[in-house]
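Visitor: Given the sequences, and given the hints that come with them, work out the whole structure.
Protein sequence lines, in the order shown, are assigned to chains L and U.
Taking full-length UniProt numbering, I'd label the letters of the first sequence as residues 1 to 346.
Taking full-length UniProt numbering, I'd label the letters of the second sequence as residues 1 to 346.
Treat the hints as calculated values from the structure; they're not laboratory data.
Here a beta-carbon is modelled for each residue, glycine too, at the ideal position from N, C-alpha and C.
Among the clues, some could well be false.
[Stated by the list, open to error] Quick partial rundown of chain L residues pointing at chain U, CB under 8 angstroms, derived from the structure:
1) Ala104
2) Trp137
3) Leu147
4) Leu308
[Unchecked claim] DEER-style ranges, computed between Cβ atoms:
5) L:Asp13 / U:Gln128: 31 to 37 angstroms
6) L:Gly141 / U:Ala88: 30 to 36 angstroms
7) U:Ser217 / L:Gly141: 34 to 40 angstroms
8) U:Arg36 / L:Gly141: 17 to 23 angstroms
9) U:Ser129 / L:His81: 23 to 29 angstroms
10) U:Glu337 / L:Gly141: 27 to 33 angstroms
11) L:Asp268 / U:Asp35: 45 to 51 angstroms
12) L:Gly141 / U:Gln128: 20 to 26 angstroms
There are 2 protein chains.
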Amino acid sequence: MPKVLISRHLGADAMALIAENTFQIVIWPEDRTADRAWLLENASGCQGILVTLNDKVDEELLSKAGPSLKAVSTMSVGYEHVRIQELASRSIKLGYTPDVLTDAVADVAIMLALMAARNAAYGLSIVQSGGWPNVGWAPFGFCGPQLGPGPTTKSFTAGFLGFGRISQATLRRLIPFGVTHAVYTDSGRGRRTEDEDTAFVEQYAAFGQLKQLKWVSLDELAAESDVVFLLAPGGESTRHIISTPFLQKMKKTAILVNPGRGTLVDSDALADALDKGWLYAAGLDVIEGEPNVTTEHPLVKSPRATVLPHIGSATTETRAAMADLAARNLVAGVLGEPLPVEYMMH
Amino acid sequence: MPKVLISRHLGADAMALIAENTFQIVIWPEDRTADRAWLLENASGCQGILVTLNDKVDEELLSKAGPSLKAVSTMSVGYEHVRIQELASRSIKLGYTPDVLTDAVADVAIMLALMAARNAAYGLSIVQSGGWPNVGWAPFGFCGPQLGPGPTTKSFTAGFLGFGRISQATLRRLIPFGVTHAVYTDSGRGRRTEDEDTAFVEQYAAFGQLKQLKWVSLDELAAESDVVFLLAPGGESTRHIISTPFLQKMKKTAILVNPGRGTLVDSDALADALDKGWLYAAGLDVIEGEPNVTTEHPLVKSPRATVLPHIGSATTETRAAMADLAARNLVAGVLGEPLPVEYMMH
Numbered sequence: 001m002p003k004v005l006i007s008r009h010l011g012a013d014a015m016a017l018i019a020e021n022t023f024q025i026v027i028w029p030e031d032r033t034a035d036r037a038w039l040l041e042n043a044s045g046c047q048g049i050l051v052t053l054n055d056k057v058d059e060e061l062l063s064k065a066g067p068s069l070k071a072v073s074t075m076s077v078g079y080e081h082v083r084i085q086e087l088a089s090r091s092i093k094l095g096y097t098p099d100v101l102t103d104a105v106a107d108v109a110i111m112l113a114l115m116a117a118r119n120a121a122y123g124l125s126i127v128q129s130g131g132w133p134n135v136g137w138a139p140f141g142f143c144g145p146q147l148g149p150g151p152t153t154k155s156f157t158a159g160f161l162g163f164g165r166i167s168q169a170t171l172r173r174l175i176p177f178g179v180t181h182a183v184y185t186d187s188g189r190g191r192r193t194e195d196e197d198t199a200f201v202e203q204y205a206a207f208g209q210l211k212q213l214k215w216v217s218l219d220e221l222a223a224e225s226d227v228v229f230l231l232a233p234g235g236e237s238t239r240h241i242i243s244t245p246f247l248q249k250m251k252k253t254a255i256l257v258n259p260g261r262g263t264l265v266d267s268d269a270l271a272d273a274l275d276k277g278w279l280y281a282a283g284l285d286v287i288e289g290e291p292n293v294t295t296e297h298p299l300v301k302s303p304r305a306t307v308l309p310h311i312g313s314a315t316t317e318t319r320a321a322m323a324d325l326a327a328r329n330l331v332a333g334v335l336g337e338p339l340p341v342e343y344m345m346h
Numbered sequence: 001m002p003k004v005l006i007s008r009h010l011g012a013d014a015m016a017l018i019a020e021n022t023f024q025i026v027i028w029p030e031d032r033t034a035d036r037a038w039l040l041e042n043a044s045g046c047q048g049i050l051v052t053l054n055d056k057v058d059e060e061l062l063s064k065a066g067p068s069l070k071a072v073s074t075m076s077v078g079y080e081h082v083r084i085q086e087l088a089s090r091s092i093k094l095g096y097t098p099d100v101l102t103d104a105v106a107d108v109a110i111m112l113a114l115m116a117a118r119n120a121a122y123g124l125s126i127v128q129s130g131g132w133p134n135v136g137w138a139p140f141g142f143c144g145p146q147l148g149p150g151p152t153t154k155s156f157t158a159g160f161l162g163f164g165r166i167s168q169a170t171l172r173r174l175i176p177f178g179v180t181h182a183v184y185t186d187s188g189r190g191r192r193t194e195d196e197d198t199a200f201v202e203q204y205a206a207f208g209q210l211k212q213l214k215w216v217s218l219d220e221l222a223a224e225s226d227v228v229f230l231l232a233p234g235g236e237s238t239r240h241i242i243s244t245p246f247l248q249k250m251k252k253t254a255i256l257v258n259p260g261r262g263t264l265v266d267s268d269a270l271a272d273a274l275d276k277g278w279l280y281a282a283g284l285d286v287i288e289g290e291p292n293v294t295t296e297h298p299l300v301k302s303p304r305a306t307v308l309p310h311i312g313s314a315t316t317e318t319r320a321a322m323a324d325l326a327a328r329n330l331v332a333g334v335l336g337e338p339l340p341v342e343y344m345m346h
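Guide: What follows is the structure in structure tokens.
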């Protein structure tokens with residue numbers, strides 16, 4: 001009977017999908033991240049392992065599992081916690097859960113851009129601390145930049161580091177806000193063609209004012225954008241791509257939004273840039289080193305940073321769909337069937 | 001030389017527009033709401049009065065001003081602080097500032113819907129209190145309903161109490177979120193035709209999944225909507241239109257958003273409904289009795305209410321445009337010229 005190791009209970013529906021099979025199921029019993037030692041202890045002889053992004057899948061865990069291991073399934077779109085090369089060299093398949101979370105993350109991207117621009121956290125704190133009666137309504141109270149051209153300006157540029165599914169969903173949401181130009185830079189797997197960019201603009205021409213979508217350099221991305229969304233993959237090649245040289249080139253009224261990977265941003269450099277007023281504000285759903293982010297973290301202390309605890313995909317429907325897909329990836333991997341959504345290694 | 005009374009400094013640009021004229025300008029000198037006694041004292045003999053929504057324009061103030069008064073200009077889209085009938089009976093014109101704030105308020109409507117659904121205030125508080133390391137990432141942590149169909153459901157209905165400019169701008173923004181149906185009820189000045197509703201749907205058909213826009217009863221609005229935006233005028237005729245009978249009929253997963261007028265909602269009934277779970281959450285930019293809303297207010301105490309201090313139009317560009325328009329309305333009114341934007345009394 002194939003043994004599967006599951007690092008977290010993923011809800012009754014997803015667990016039932018796995019239990020339908022004649023597997024020996026070993027599941028971490030507590031409602032918190034599995035202890036590393038427990039995972040290592042229980043990995044031996046597994047044919048499948050299901051993890052969340054809290055769990056490191058590295059040489060040590062794979063060695064403990066041994067040659068029986070056929071598939072790893074992660075309930076996440078990110079795979080920075082998984083050593084891809086170690087899996088590839090052992091011919092272990094990797095299942096993951098992109099696509100189903102695209103809308104939920106794009107929604108949070110828009111929410112964070114608005115919250116950062118419109119000083120939402122400050123507004124909430126004024127109300128919660130009983131300050132509203134004293135602050136009242138003032139002609140320029142709480143004012144920040146508008147996420148769009150505003151009543152008197154003519155253009156608004158949205159910028160994207162990475163232009164995959166979530167970036168495209170985010171840009172579509174911004175069109176009725178009045179975005180006129182969109183720029184992106186992408187060092188990913190393939191370069192989009194200019195024809196694809198033109199087709200995107202033409203598709204939505206009747207709906208808003210988007211005139212242009214184009215690839216730019218990283219420096220141009222910094223200089224031209226009124227809002228920048230970071231939606232590139234993590235890992236060493238993109239680590240701290242957003243640091244002082246980028247931040248210095250931004251517009252003083254611009255908003256930086258990171259709904260992607262914490263490692264993309266040099267936290268100290270961003271806190272310093274916000275303090276110096278190089279950009280207006282930042283909205284962050286992820287921070288390097290999370291969840292070990294305390295009240296001493298410079299971005300938690302910054303009044304111009306809006307920090308959320310990685311809730312991008314956190315809608316009931318989306319997480320249920322992710323759990324479902326992670327369960328089906330695990331089952332298929334163990335049974336030797338094609339994975340519903342497999343990460344293709346190069 | 002015509003005398004004008006100004007209840008608040010509206011920024012250098014708007015003030016310069018007024019100062020270009022040979023007026024005697026009397027302006028409240030402090031950076032807070034003008035004292036009522038000061039306004040009454042200084043109103044005598046005015047030809048124009050410029051106010052914000054903090055200032056009551058009633059029989060007492062108009063009598064103090066006397067028969068010289070030609071125009072009142074308010075830097076707001078709302079006019080509940082102005083006794084329209086008193087102005088009408090004295091043939092005093094009213095200038096106001098709609099349109100220029102449509103986008104800024106629609107932006108906040110979307111932001112509040114997202115913040116309420118996605119538990120943003122709770123997320124912020126976890127990070128700010130240093131709780132992130134303990135909470136970590138959990139499969140269903142912070143989960144709320146999705147502002148759209150989600151990966152597995154087929155439909156999402158946006159509802160509107162009032163379907164004027166701001167509602168329409170809000171609905172346009174929701175289309176890329178995947179809204180499939182939109183319903184509204186409107187007891188306003190004129191009823192939209194079914195042809196107008198069909199034309200709206202057809203205009204945006206290529207951009208999203210919106211299939212239908214239609215007028216419904218208040219009960220149907222409550223029962224059918226996954227999110228309800230309150231964007232109707234205030235005043236006695238709509239006071240507490242959102243109370244227990246409406247709230248009881250809502251979906252348990254629905255979001256209520258009030259970016260409009262505080263008086264539309266019975267605060268005690270809403271706090272009770274949230275406590276009982278009749279709806280999922282509420283996002284409020286306005287509350288009856290604001291800004292006198294303290295930490296003892298039931299909606300400030302409710303963990304399911306997201307309360308912001310009336311920042312709907314608070315972008316630098318929008319408030320500057322409102323101040324500009326308010327200044328031009330005042331000047332035109334005093335000079336006997338047509339007001340750039342006049343409130344048409346019936």
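Visitor: Now tell me if each hint is right for this structure.
Guide: Here is what the structure says about each hint:
| no. | hint | result |
| --- | --- | --- |
| 1 | Ala104 | holds, 6 angstroms |
| 2 | Trp137 | holds, 6 angstroms |
| 3 | Leu147 | holds, 6 angstroms |
| 4 | Leu308 | holds, 4 angstroms |
| 5 | L:Asp13 / U:Gln128: 31 to 37 angstroms | holds, 34 angstroms |
| 6 | L:Gly141 / U:Ala88: 30 to 36 angstroms | holds, 31 angstroms |
| 7 | U:Ser217 / L:Gly141: 34 to 40 angstroms | holds, 38 angstroms |
| 8 | U:Arg36 / L:Gly141: 17 to 23 angstroms | holds, 20 angstroms |
| 9 | U:Ser129 / L:His81: 23 to 29 angstroms | holds, 26 angstroms |
| 10 | U:Glu337 / L:Gly141: 27 to 33 angstroms | holds, 31 angstroms |
| 11 | L:Asp268 / U:Asp35: 45 to 51 angstroms | holds, 47 angstroms |
| 12 | L:Gly141 / U:Gln128: 20 to 26 angstroms | holds, 22 angstroms |
Hint compliance for this structure: every hint is met.
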